[in-house]
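This note's numbering puts the first residue of the sequence shown at -1, with every later residue one more than the last.
Please note that the accuracy of each hint is not assured.
Have a look at the derived ranges for each label pair, beta carbon to beta carbon [claimed, not checked]: (1) D178 to R218: 24 to 34 Å; (2) E11 to R221: 40 to 50 Å; (3) A291 to S156: 20 to 30 Å; (4) D198 to C283: 23 to 33 Å; (5) A111 to S210: 55 to 65 Å; (6) D89 to R190: 21 to 31 Å; (7) S35 to L203: 17 to 27 Å; (8) M157 to R305: 32 to 42 Å; (9) E11 to P141: 42 to 52 Å; (10) R221 to T151: 38 to 48 Å; (11) R221 to M166: 31 to 41 Å; (12) R314 to R190: 25 to 35 Å; (13) A191 to M157: 30 to 40 Å.
None of these hints come from the bench; they were simulated from the model.
These numbers come from a predicted model, not from an experiment.
Ideal Cβ placement from N, Cα and C applies to all residues, glycine included.
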Amino acid sequence: MKGRVLVIDDETEIRRTLDYGLTHEGYTVVTCSDGISAIHALSEADDSGEGYDYIVTDVFLPDIDGLKMLKVIRYIYPEVPVLVVTGFGDDDLERSVLSKSNTGYLEKPIGIADLVEALQRLSRGYTGSPAAVTGPEEDIEGPFRAYLTVRITEPDRSMEIYDSLRRMDGIVSCDAVRGDFDLVLVARAPSRAGIEGIMDSIGSLDGIDVVSVREVKRPRLERDVERFINVYRHMAGSETRTETDDCSKNTGYLIVDIDPDSIQRVYTTVFFMDDVVSCDMLDECDGLMVTIADRGAVGRTPKTVQRLRQIDGVLRVREARAIRLVED
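Work out the full structure: start from the sequences and follow the hints.
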């Protein structure tokens, strides 16, 4: 046997062709149609002691950004060779892929002979001994966090109200936005009672209506997927993905209503999107609060919004773009 190969590609015909061709050449092949199923396949291989000697993956997957997935795979399995295949590559992508050690690159359509030759150029590795992952697991249970949306009812006092709220104890960010409300606040406290105390303080202010209060909850993810996300969060620096202390530098927020039965796929897809700064599951597990740093032209719908609306399980996306009121 020449080795076990994990093939990750969302196109059925390509999976079938690579499976048949590589099997005929003496490899053992497991195929996956998306990133989440590949995460499970890798974890199952770890548990069974039957790792993979090669990984063949597209970079444009329907759920997880392929390059970010490759980054995590490389971190957990530093010895395994990876062959990247794509039908939409360019010189920048090829350079980025080939800058990593023991990594190959092929553009579709792929011939089996070319695929085998590309695999043979790589040094055979193994996923059976994953690297130990250091760093704490994410702990959303403490401190407690909540998002509040506020409408200002006395416009002539807007700056006074804004300044009072952003300086309030327990408020880690306060952004003026364009949307169905005027302000988005993030509250943080060591306990749920602390969050309730912050809400009471805000509710006692004149000149505002509190439109919504949504506590941040830990998303219900399968163990393998949660571990994968935690590894990426650890690599990137957890503060950049889970905390919103510096949201004034972001373009704005997206309030995403989702089908509760689609939590894992939607959350994972959104978390790994480019331009997503943070992605938080809200109470009732029927929505996400997404902070974005979109680079599109003013007045245009951000690409992130367009992509979100195409995800199965996303019911509605509302946008609230931030307005810079106070210079850093």
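Now for the hints, and whether the structure bears them out:
1. For the pair D178 and R218, the supplied restraint of 24 to 34 Å holds, since their beta-carbon distance comes to about 28 Å.
2. Checking the proposed 40 to 50 Å range against E11 and R221 shows it is violated: the Cβ atoms sit about 32 Å from each other.
3. Distance hint check for A291 and S156: the Cβ-Cβ separation is about 25 Å, which falls inside the suggested range of 20 to 30 Å.
4. For the pair D198 and C283, the beta carbons lie near 25 Å from each other, so the given range of 23 to 33 Å is met.
5. Checking the proposed 55 to 65 Å range against A111 and S210 shows it holds: the Cβ atoms sit about 59 Å from each other.
6. At roughly 52 Å, the beta carbons of D89 and R190 sit outside the given window of 21 to 31 Å.
7. Remark: the range hint 17 to 27 Å for S35 to L203 is contradicted by a beta-carbon distance near 49 Å.
8. For the pair M157 and R305, the beta carbons lie near 35 Å from each other, so the given range of 32 to 42 Å is met.
9. Checked against the given bound of 42 to 52 Å, the beta carbons of E11 and P141, roughly 49 Å apart, stay inside it.
10. Checking the proposed 38 to 48 Å range against R221 and T151 shows it holds: the Cβ atoms sit about 46 Å from each other.
11. At roughly 38 Å, the beta carbons of R221 and M166 sit within the given window of 31 to 41 Å.
12. At about 28 Å, the CB distance of R314 to R190 agrees with the hint of 25 to 35 Å.
13. Take A191 and M157: their Cβ atoms lie about 31 Å apart, and the range 30 to 40 Å holds.
This entry does not satisfy hints 2, 6 and 7, going by the numbered hints stated previously.
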